[in-house]
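Student: Just so you know, the sequences run in chain order A and B. Here my numbering is used: the first residue of the first sequence is 13, the next is one more, and so on. Here my numbering is used: the first residue of the second sequence is 13, the next is one more, and so on.
Treat each hint with caution, since some may be false.
One copy or two, either will do: identical chains are not told apart, so a pair holds if it fits within one copy or between any two.
[Said to hold, decoys possible] Derived PhoX-like pairs: lysine-lysine, alpha-carbon spacing no greater than 25 Å straight-line:
| hint | residue 1 | residue 2 |
| --- | --- | --- |
| 1 | K167 | K143 |
| 2 | K172 | K204 |
| 3 | K431 | K452 |
| 4 | K455 | K362 |
Since the hints were derived computationally from the structure, they do not count as laboratory data.
Protein chains: 2
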Amino acid sequence: MNSIKFDYSSVCNFVKKEEIGMLFPEAERALQSLKDGNCKGNDFLGWLDLPEQITVEELKDMEETARALRSRTEVVVVIGIGGSYLGARAVIEALAGSFHNFGKADMKIIFAGHNIGEDYYYELLNYLEDKEFGICVISKSGTTTEPAIAFRLLKEMLEKKVGRTEAGKRIVAITDAHKGALRTLADQEGYKSFIIPDNVGGRFSVLTPVGLLPIAIAGFDIRALVKGAVEMRKLCLEQEINPATEYAAARTALHRKGYNIELLADFNPKLHYIIEWWKQLFGESEGKDHKGIFPAGVDFTTDLHSMGQFIQQGPRMMMETVISVEKPHHRVDIPADDANLDKLNFLAGKRVDEVNKMAELGTRLAHVDGGVPNMLVTLPELTAEYIGQLFYFFELACGISGCMSGVNPFDQPGVEAYKNNMFALLEKPGYEEASKAIQKRLK
Amino acid sequence: MNSIKFDYSSVCNFVKKEEIGMLFPEAERALQSLKDGNCKGNDFLGWLDLPEQITVEELKDMEETARALRSRTEVVVVIGIGGSYLGARAVIEALAGSFHNFGKADMKIIFAGHNIGEDYYYELLNYLEDKEFGICVISKSGTTTEPAIAFRLLKEMLEKKVGRTEAGKRIVAITDAHKGALRTLADQEGYKSFIIPDNVGGRFSVLTPVGLLPIAIAGFDIRALVKGAVEMRKLCLEQEINPATEYAAARTALHRKGYNIELLADFNPKLHYIIEWWKQLFGESEGKDHKGIFPAGVDFTTDLHSMGQFIQQGPRMMMETVISVEKPHHRVDIPADDANLDKLNFLAGKRVDEVNKMAELGTRLAHVDGGVPNMLVTLPELTAEYIGQLFYFFELACGISGCMSGVNPFDQPGVEAYKNNMFALLEKPGYEEASKAIQKRLK
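Start from the sequences and build out the full structure, keeping to the hints where you can.
Tutor: Below is the structure:
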């Protein structure tokens, strides 16, 4: 099996090999506690076995639903936020053409419900005016403010446009199996629906219908994605020292040495949202009890010309993990030019990617020299299968890292804080006392 | 004059008012040294007076060039990286419709030369195949690798497609006044060209043709942008205590207390690239000599569901600055729903923006309560004029902050490190010794 690789050899300039070695038993214990289900937050460990548990029938059902929706529409608005947004977006942006939203394609995916921008919704409604559109709405409860607002607006518009019956055929819901507003509505209106398992948190849900259905609607291969996750699961769960324990041990060793920011870097703009997905995964899992490594993303070489200076010579508190893609899908050679005014003829005949690869290697060396420990994750190609491997690798490493730092990696109690204030300010029923208190405070 | 506002009152929960007060004289001295031109890096202070110095003739020239290019093309590819990319992109993304790249518009702007993605260029060339396109190429030297590769590829394609004469009319160059590859080529081929001043660094160049011309090509009001900068310049240079000294003093006080990450947050997705521009401005200016505040961006409420947990309860090392836009351009009301399954009827009849504003206020309160000092920048509306004010405000505050921390805010020596390695690895003529050394190291 060809697979993604993890290399932490450059870390050894910063942490002694023995220091990382000493963390392996700790990482292995953490992994064991995940496997045994006796870690903190163990009611949310469903993601561990997800790849194995998805059946061919479930995948087929999603593929057929996607096909049906595609046949009725030219645009599908995927409504979701956080874990109900980033996984699908990460895969779709990684696999779609860079200009897929500019040119012609048989399906456009638009995301909504992930912000409360009034102009965003005005422009979205306006854009959809003359389009045949459908909706894929993702919410466990159906009452999360951002997606609920978006769904109200778009459902109303769609029903006005095509009638309630046709709208019912163009709306797919991904929600709780039994309870909640969206479950009730889906059952009432006869929407096709899929289930968000109870034991999988949002940021670990990309391999449930939450991620898989939108990816299928966009036209990408969800079987390959799951296959990749199955492969990485096998690789990581069957041996104690594996890429996930290595990554967890290396970053934990660095963190304990005082490196408290981790940069995840790509050299391919299509990986931008995979990095955003990773930021949620690690940030939300580790950032609690005043602990955690601050997760930041950089797209290189773009950001070498913005954040590059800081990384090279700013405070020495950053570690860096580079995601490298070995083989591009297409070939572009750099042309020769007789005048050679730009002095680029030494590159003539080379592939663009050769330059990119030397930028990557040159950057890694420069950052290590400058005092930034470097780790490397290599994907053979940017395909659904390797992205599936990457997801499982990061999820498992995240669970292990969180256990090692002593937090519950599977809750997110801090996310309620802004919501509670917002509800109090908006005088939501049930928040009367909080409303009074916050109004008093603001005086 | 209506103008953007800066409020740092919430910082006083974390730093005593007197502690900030004690920094004002320092901030004022830094401002004075910028005005007197006796600070470090004083050969790059051109940005201070740029807004006043641009003449109506220069603006007209850019507007007419933009008009001519628009009349010949449907797509313009803007080639540039770093400071020759982010300023224009920030304004265009802030002022364009959220779906401008999806729907019909009389002009599309595509950015290139800011990465070395082989698939990106393959797909770009493919996309441009059947388009009437033009090129706006921005490079001081004309030899920076990323834009030089992009320009070689696109110039060759354009000349093949429409012939060298017509191509010459569709290419505009923004480059050095006298020297460099692009200047030579522009003069040879008779390209319309504009000048990058010698005394303005890339990240401070948005109010030169580097930023202004692409913005004009996209169809936005560059006079209003400059007007805004003129207003903020007047406001800040005519009084010692002004928004820029306040911001510089407040963030420096927090930094000296140990807050070493600054989050710039928006509640409007259109501001995303303004934050990217800010990250370069501050990161590249302050991140040197192992000093600096790590600049990170968050788009709320989107990222409240990813980075929110970390911000609320992670390590207490972050300060946060929120950019708030008071008034949206359009109106969308939240509809009522008889069934009210989503329990959103308490919001029925409210504008979407009212919810957004309460999310914003609720977030600021929650973050302060959680231990994240908060600062606030308010724009009355998201218009070119207020963005112009914002740019000058941030540029001046950045210059002051950099001087206060003792670095040269106007150089970026660390950016060369990866380039030197890359050239050595690619065996660029002149790098023979370095090539040998790096090959030896890699063995």
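Student: If you test the structure against every hint from before, which numbers come out violated?
Tutor: none
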